[in-house]
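Participant: Using the hints, position chain B against chain A.
So you can see what is in the structure, the chains are spelled out below.
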Amino acid sequence: MKRQIAIFGFMIIANVVIAQDVVKYNVIYTFKYVRDLENKDVPYSSTMVLSLGKSSSRYCTEKLFKRNDKKTLEARKKQQENLQALPSASMITVAGGPMLTVGKSGAIIDEEILKNLQDKKIAIDARLGIKSYHAETELKEINWVVLPEEKKIGDYACQKATGSYGGRKYEAWFTKDIPFQDGPWKLHGLPGLILEANDVANEISFSFKEISQNDDSEIIVQSFMNSQFSIATKIEDLNKAKKAFEIDPEGVMGAQAPNAKLSVRNIDNPTEKTVLKIKAYNPMELK
Amino acid sequence: MNKLLKLVLVFFASVFSYLFGSLELHGQQKYITGIISDTSNQPLIGATISLLNSESLVIAYTSGNKDGSFKLPYSENAFWIKASFVGYKSEQVKIEKSKLVYTIRLVPEAKMLKDVLVRNSPVANLNGDTISYLIRNFSTKEDRTIADVIRRMPGMEVSEDGAIYFNGKKIENLYIDGDDVMDGRYGMATKVIKKELIKSLDVINHHQPINVLKNKVFTDKIAVNLVLQNEKSLKLSATSRLGIGQPSQLDISIAPILLSKKLKMVGLAAFNNAGIDFKNEIKQLGASNSLEDISIQSKTVELSLNSVSPPDIPLNYYYLNRSAIFSINTLYKTKSDIQFKWNSNLFYDRSQFYYQAKTINYLENDTLVFEDKQKIRSSPFLFSTGLNLMANKTHYFLNNALKLSIGKDANTGQIIFNQNQFGQNLNRYYNQFSNDFNWMPAIKNKGIFELRWYSSYGANRQQLEICKNYYFDISPQNGYYDTVVQRIQSPTWSHNAYLSYKIPSSKIFQEYKVGYKKLEQVLNSSLYLISNAVSFPFVNDARNNAKFTNEGAYILAHYQIKRQKINADLQLPISSQQIKSKQPLYFFDGKKSNYLFSPNLNLTYSFDNEKFLQSTYQLQNGFGDISTAYNGTILLNYRSLQAFAPLFQQHISHKANISYSHQKSIKLFFSNAGLSFNYLKANTIASDSFSNNLTRTFYIPFFNVQKIVSAYGGLSQYLFGLKAKIGLKFQAQKAIREQLVNNNLLQFQIDNIYTNVSVDKTINKVVNVNYNAGFFWLTMGISGKAGSTLPKSNTFSIDQKIVASYKLFNNIYLETSGTHRINKSSLFSPNGFLFFDANIKRTALMKGLDLVFNSYNILNVKDYRIIQQTKNQLYTNSFQTRGIMFVLQLNYTF
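Chains A and B are the protein sequences, given in the same order. Numbers 1 to 287, taken from this note's numbering, label the letters of the first sequence in order. Numbers 288 to 1181, taken from this note's numbering, label the letters of the second sequence in order.
So here's chain A without its partners, still in its complex pose:
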């Protein structure tokens, strides 16, 4: 029974994830996003990791990446084995719960994007409140126009390109020295890795921070978030719920867990218990 489910689950994931696509590089970006047009001074900011395989990739928050790091998982497993009984207990892991994690610019969403460039598929996993959702769709092609402009980012010679995605016009800088037609978030399709990108209104930006090579051939491009507990949904519904959650995270979470009293954890200021609400929501994808 369990095995059947595991196989079934694997089949769902297999659409987007290419089996055994070893992670070659992990690229770290700083992501900034003016989520609230009435609070432009404090944009949503997060450190993101793009893990590149030969023809697929995973893009997620650094927090999620670290939490699922091989060594961390092993250490945690070991610790759990040691801490079965009370007298020695000092730390025990507990999964999930009506805990609302926020930052100075509002709700923080654990999100993961898996791209399969070969089959042109994209899978999005998001944790909104106490539930995880999974949506799959076609990877939209971006009609980039490469421009004869050059600049250096880190040690890499980059060239500029412009293209439209989700109703916004982006300026992207790619390097042909890193031969992945990939990039942060949903951006992809240039003849080299996109190291920097921003929309022309300057409300969204991705900037390159670091790249590291992965030498462990056991680490493959796979989803951290999609599990048998994820709820499969349509991308439109996911976007709608995500919007509601970003605007009023407390309200949405209160609706998800009607009888539980949720608590707020502000990672920027642990003593702050009020959750910032968004006044003028500025979606990343305008259409």
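Wrong hints could be hidden among the right ones.
[Unchecked claim] Restricting the straight-line Cα-Cα distance to at most 25 Å, the calculated cross-link-like pairs of lysine-lysine (DSS-like) are:
| id | chain 1 | residue 1 | chain 2 | residue 2 |
| --- | --- | --- | --- | --- |
| 1 | A | Lys234 | B | Lys951 |
| 2 | B | Lys1094 | A | Lys104 |
| 3 | B | Lys1158 | B | Lys942 |
| 4 | B | Lys954 | A | Lys240 |
| 5 | A | Lys279 | B | Lys898 |
| 6 | B | Lys1048 | A | Lys277 |
| 7 | B | Lys951 | A | Lys240 |
| 8 | A | Lys240 | B | Lys1048 |
| 9 | B | Lys1111 | A | Lys54 |
| 10 | A | Lys120 | B | Lys353 |
| 11 | B | Lys1094 | A | Lys277 |
| 12 | B | Lys369 | A | Lys160 |
| 13 | B | Lys353 | A | Lys186 |
| 14 | B | Lys358 | A | Lys54 |
| 15 | B | Lys548 | B | Lys522 |
| 16 | B | Lys586 | B | Lys834 |
| 17 | B | Lys586 | B | Lys566 |
| 18 | B | Lys376 | A | Lys152 |
| 19 | B | Lys695 | B | Lys566 |
| 20 | A | Lys234 | B | Lys898 |
| 21 | B | Lys548 | A | Lys121 |
| 22 | A | Lys121 | B | Lys358 |
| 23 | B | Lys586 | A | Lys243 |
| 24 | B | Lys1128 | B | Lys481 |
| 25 | B | Lys353 | A | Lys54 |
It is worth saying that the hints were derived from the structure and are not from the lab. Since the model is a prediction, treat every value here as computed from it, not as a measurement.
Facilitator: Okay, now just chain B, sitting in the frame of chain A:
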């Protein structure tokens, strides 16, 4: 062979591309085509091919197709053609004017990028999702005690009685540095331990406190452990509170605390007259040493001064008290890890209670009205102490808990009942002694063996005195007496011992138990009438000298199955019971042997992550206890008499419930619905007979059935547009039961409907509003031979509550709450009540000092009335409340 095939393929592809390319020559647009392969001529799928200008900038690009081919529009500026692919060395070829087809071979390269920062994998950061709450991360300057900090912790919740919940689930117990210092009464500990003493609070999921069972028996339980900041130091600390208010309110407490690895002590001494219930401080919230309670639950007869139940409003509105508490909890651990624990609690109170009640008894051709008005003063005293010895080793577990409690309460009442004014006194003494022994050795194979033996003795003495002017309405001795005295003495012995064997397995958990239970109870009672200092007993059946025993062996098989979709728990207890009841006064000496089977099944099926079906079934079989096995009449209070026919009370009940839960969480929609059935069959029926001043209830042999069917459901939806949450609950219930009233068999049919609407909306950063409204409607019809003459009645009530909280300034918080209730009945005039509270908290006044201002019942509602309906009685009770109260509180820790 394969290689050759590929080679041929590459060749044909090249030719094809060439032809295709040449064909295009005749059109307007020229194309550069070609193939990308590796050194062994295998086509490379997905390689990047770019055309570069003289400055090496990309002017056009594409990716290689499935066969490794590519096609790019020709450009005059194109100077280079570059092919690159992950894991291969990039290749750059100069474009020749006449050449439009290029075959590029890429050489594999292990490490392709120069200047790549090769980092170590990130250092393990367990704080991400480990729930070990570091106190300093969650506390603010304003927080004083652990309870203050717990309220801020994600997923943690503290209920009004002090019980801690994690993710909505009640925790099993609270430990201090791994020790159950409070013996499960942890409510007090969190309120008095200051945050500086604790380093972190750990939430332990799947908590298994017994070392022998570690890694063998899985539990779903959650426990909380407070980790000490410094377990070596032996420093005394304390928290204190001083509250002064109007009208002459005082609330004072001091709690000394000493915590170290070897010795732990938590104490409390407190007094208040501001409506705070100290019984919560010593309430058993968790299981003592996390062991299952196996005591035999039994009841005895309780005498009382009144016949009303307390009002359904918060206690501090009507609790006119003067309470004191003294508690000391100590735990000492030896070097060899054997722990001794001593817990002692002393509670004393003097409280007052005023009420006025009107009870309408609907009879066949008559309506009898009872009117009561009473002022009661109670002074309960309770002392409890416990000694515990525990060795929790990896090779054995040994626990022995010895408990003793002594209680006494004296109550006096001044009553006007049906125009007669009289005084009454009730004195109760009770004590209980119990011992619980538990031994679990570790054995080599997988199974776990356990021996447990619990025994207890309880004594209970009660005396009710009803003084002059009380009309004794029982023939043949009706009349006025100086004093009417009802005495009861009822000791109880009980034992429960078993041997069990558990077989843990990931597939199916099995447990087998063989045990023996014994319950032995005695009831002696007498009713005396005193006139002119001469006492004489009531001549009729008003004495008891009853003895009741229920003993027998039992076996139990318990199975648990946990699967992906199905979760089942089945318990199959079979007991051989022997019941003896002896009442020499009524010439009853009965004995009965029975095999009883009381299975219990719990089944959950999950269709997917958002749809569940749950069903439960329970069969209960029982013979009751002494409280339903006495034959002589007992005067329970000034207006009620009760007795049972001399035979064995037996009842069988079937309970079934099925519920379905459906969520559409992406749309934030949650719903559940269920049906429950309850069928109870008993061999005796209550027969009520009413006279002008008395209700006499006698249980006589008559098979009767009680049926209850209820349907319930709930919906919750988050409104995206309004950004508010609405909830709706619904319950409809139909109950049918029978009863004899003045020798007429009546069937009562009670229908009730309850709905509840709630709205939760955060208005902005500083204001949050919660609104809740409940509607309750009940109708009762009576049928039977003479039932048609009794009225069909309705009662209706609406309950509304609104809570708004504001953050005024950085350190000042204001919370207001209003509760409105309307009670209406077809037979009483409607009434409405509005209660309004407000409190302001100013935190961090100076180091260690907080100021709180609480005001209750600001609208100064002086009395509160409820209307209730049971069987053939409708009553309206009004209670005197405290009125407006202000308390200014200073909290200080050192």
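Participant: Starting from B:Lys1158, check that the Cα of B:Lys942 is at most 25 Å away, please.
Facilitator: holds, 22 Å
Participant: Has the given pair, A:Lys240 with B:Lys1048, been kept, meaning a C-alpha gap of at most 25 Å?
Facilitator: holds, 20 Å
Participant: Hint check: B:Lys548 vs A:Lys121, CA-CA at most 25 Å. Holds or violated?
Facilitator: The hint is violated at about 58 Å.
Participant: Between B:Lys586 and B:Lys566, is the straight-line Cα distance small enough, at 25 Å or below?
Facilitator: Roughly 21 Å separates the two Cα atoms, so the pair holds.
Participant: Regarding the pair B:Lys1094 and A:Lys104, is the alpha-carbon distance no greater than 25 Å?
Facilitator: Answer holds: B:Lys1094 to A:Lys104 is near 18 Å, not above 25 Å.
Participant: Need the status of pair B:Lys369, A:Lys160: alpha-carbon distance at most 25 Å?
Facilitator: holds, 18 Å
Participant: Taken at face value, is the distance from the CA of A:Lys152 to the CA of B:Lys376 at most 25 Å?
Facilitator: It holds: about 21 Å lies between the C-alpha atoms, which stays within 25 Å.
Participant: With a cut-off of 25 Å on the C-alpha distance, tell me whether A:Lys234 and B:Lys898 pass.
Facilitator: holds, 18 Å
Participant: Measure nothing beyond the straight line between the CA atoms of B:Lys586 and A:Lys243; if it is 25 Å or shorter, mark the hint as holding.
Facilitator: The given pair, whose Cα atoms are some 57 Å apart, is violated under the 25 Å limit.
Participant: For the pair supplied as a hint, B:Lys695 and B:Lys566, confirm whether the alpha-carbon distance does not exceed 25 Å.
Facilitator: holds, 15 Å
Participant: Starting from B:Lys951, check that the Cα of A:Lys240 is at most 25 Å away, please.
Facilitator: holds, 13 Å
Participant: Would you mind confirming whether the straight-line C-alpha gap from B:Lys358 to A:Lys54 stays at or under 25 Å?
Facilitator: holds, 22 Å
In this structure, the earlier hints numbered 5, 9, 21, 23 are contradicted, and the remaining ones agree with it.
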